[in-house]
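Visitor: Sequence:
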Amino acid sequence: MKFTKMQGIGNDYVYVDCFQETVNNPSAVAKFVSDRHFGIGSDGLILVKPSDVADCEMDMYNLDGSQGAMCGNGIRCVAKFAYDKGIVHKKNISVATKSGIKYLELTVKNNKVSSVKVNMGSPILNAKTIPVVSEKEQVINEPLIVNGKTYHITAVSMGNPHAIVYMDDVENLDIAEIGPAFENHINFPDRINTEFVKVIDRHTLQMRVWERGSGETLACGTGACAVAVASTLNGLVDEDVPVTVKLLGGDLEILWNRQENLVYMTGPATTVFEGEIDLSFLEK
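Mapped onto this note's numbering, the consecutive letters of the sequence shown carry residue numbers 1 to 284.
Hints were generated in silico from the structure; no laboratory data involved.
Treat the hints with care, as some may be off.
Only pairs whose alpha carbons sit at most 27 Å apart, straight line, appear in this in silico DSS-like list of lysine-lysine [as the list claims (entries may be wrong)]: (1) LYS109 - LYS2; (2) LYS246 - LYS112; (3) LYS85 - LYS109; (4) LYS49 - LYS149; (5) LYS136 - LYS149; (6) LYS2 - LYS136; (7) LYS85 - LYS31; (8) LYS98 - LYS31; (9) LYS149 - LYS5.
Here are the in silico distance ranges between beta carbons for each label pair [said to hold, decoys possible]: (10) VAL272 - GLU21: 35 to 45 Å; (11) ASN234 - ASN184: 36 to 46 Å; (12) SER122 - LEU279: 36 to 46 Å; (13) PHE281 - ASN234: 47 to 57 Å; (14) ASN111 - GLU135: 53 to 63 Å.
Here the structure is a predicted model, which means the values were calculated and not measured.
Yeah, the Cβ is synthetic: ideal placement off N, Cα and C, and Gly gets one too.
Kindly produce the complete structure, drawing on both the sequences and the hints.
Guide: Shown next, in the form of structure tokens:
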């Protein structure tokens, strides 16, 4: 299988051109290639495929083999992958995802994509749709007991479900202990991605993320979008002003346009290397 490893502020995936390649059993392939000792090393696998409704389609798999609906950092790399390899030849493109069609604006330097602005669509705030178990229609700054401690969460879906928790210190958080407890909490029927957030000022946020199926990652695009939305709903940032979300792997710029009710994410996309890997043993 020919592949390209790419990363968006440290959120790295193995990308495959399924205009040319056929990947059988992508769940098993995702688990194998993601292994950082015996495989390539990544947060998962993304297949770039033909689409009848968009310029291309992305299928995303987490490192545990589970399929994801959407990946913000991943879709920026999909756009770079498609443009740089000549699959598309324009700077405004569409990508079909399990969360619907997303529209992207490419910044090109020296005939290569350097950054991408993504229309991430409208945030989902309805508790049942996210889904999160709650008697309220929206979960905004609501208490939740996790491992015997009460946290206040705001729930947002950007195609993937997110629970946002605010705290004064995210750097010293034992995320490996608390992350799985949130992910598998009974109140999240489909599991949850959890963002632990420190408010630096009214236009800057710092976050760490525990992603369902992947654990802690250096970055999460849908998570950064959810954090910007949650911070606006909680009155912690200014409305209709771009917010810088600082992640372990770098910064993303997020704008929630309240009039349009659309979230825009801007950030880099980088190719790490290309290669081939033998998957014949998976077919035995």
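Visitor: Flag every earlier hint the structure violates by its number, smallest first.
Guide: Hint check: 4, 6, 9, 10 and 11 fail, others pass.
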